[in-house]
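As you go down the protein sequences, you meet chains A and B in turn.
Counted from 1, the first sequence has number 73 at position 73 by this note's numbering; the numbering is strictly sequential.
Going from the second sequence to this note's numbering is simple: count from 1 and add 1000.
Hints listed in this document are in silico derivations from the structure and should not be mistaken for laboratory results.
Any given hint might turn out to be false.
Said to hold, decoys possible - Each pair of labels, with its calculated beta carbon distance range: (1) B/GLN1066 <-> A/ILE44: 38 to 46 angstroms; (2) A/ILE10 <-> B/VAL1104: 27 to 35 angstroms; (3) B/LYS1045 <-> A/VAL56: 35 to 43 angstroms; (4) B/ALA1024 <-> A/THR27: 40 to 48 angstroms; (5) A/ILE44 <-> B/GLN1118: 44 to 52 angstroms; (6) A/ARG31 <-> B/VAL1104: 40 to 48 angstroms; (7) A/LYS60 <-> B/ASP1094: 16 to 24 angstroms; (8) B/GLN1118 <-> A/ILE10: 28 to 36 angstroms; (9) B/ALA1024 <-> A/LYS8: 19 to 27 angstroms.
Please read all numbers here as calculations on a predicted model, not as lab measurements.
Every residue, glycine too, gets a C-beta built ideally from N, C-alpha and C.
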Amino acid sequence: MKMFTYRKKICKFCENKKMQIDYKNPTMLRRFVTEQGKILPRRITGTCARHQRSLVTAIKRARNIALLPYHNDVKNA
Amino acid sequence: MKKYECLYIVNMNYDSEGVSAVTARVETVLKNVGAELANSQHWGKRKLAYAIDKERYGNYILLHFQGEDPNVTELHREFEIESGVLHYMTIRLDEFPDFETLSVPQAYETDRKRPYSQGPRKPYRSDGDSRTETPAPAAPVASVETSAPKEEAVVEETAAPAEVVEETAAAVKEEVVETAAPAEVVEETAAVVEEEVVETVAPTEVVEEEAVESVEESAETADEEAEKPADSE
């Protein structure tokens, strides 16, 4: 599995200070969530640990207030 | 005085007066308790990510206020009593955000209906969509006469002789208008070719003879008709 993660990724929030983690912004949060609604791990998105923690709390808050789903029904062909 | 942010959802079945009545009651509760309301923003109707109390749409309202913990408890009590409020969430903040730059988030369902067969999302291209730019190749005769760029496209598509390629759109228009069905004009457009071929080429020699006969007959009749008005005059 390690061969798939050799490419160095930069945390999007460290690189761009204007991107703020806000639970009220579902369009930005959806980039860090799968089609099924599951939270993507850090090794896939490349976010640093600090931002991943605040991102996860933001996603959970957005789920609580129905801005993001807990579970998405994805119909595959 | 601690800073709080509260986002709550009001039932859509309440008409606009009902929603504003609910928000007014909520704000009066805050005032009675002694909290300072700093900002309130209505997001309007949004589709919920999941159904709450069998409702799929809701009015989102955002509040920012300063107060103490008992104020928040009172506010939540009011939300529980109020039948119009479907859901609520209150957060403690360190600093209020800039109220002027607060924007209503985009609706969630815009991307959700993307069919699987369309493939992965591509970045937005402002130069237009390729699906809408290609003109229809099989153009009917009427449109061929009127639309100039389509004629050029159609001309290029069919295996046109050198004559046709040299002709410009205006020249083609004039020729088409002046001459009804000569063979040269027919060859220019595929659709016109099909139509004309059906009309003229399909008939056999017998019909040609009949056509000749009919021409003669028509000539005779034309002479007769020419004589008649002459006689009458």
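Run the structure past the numbered hints and jot down the numbers of the failing ones, going up. 3, 4, 5, 6, 9
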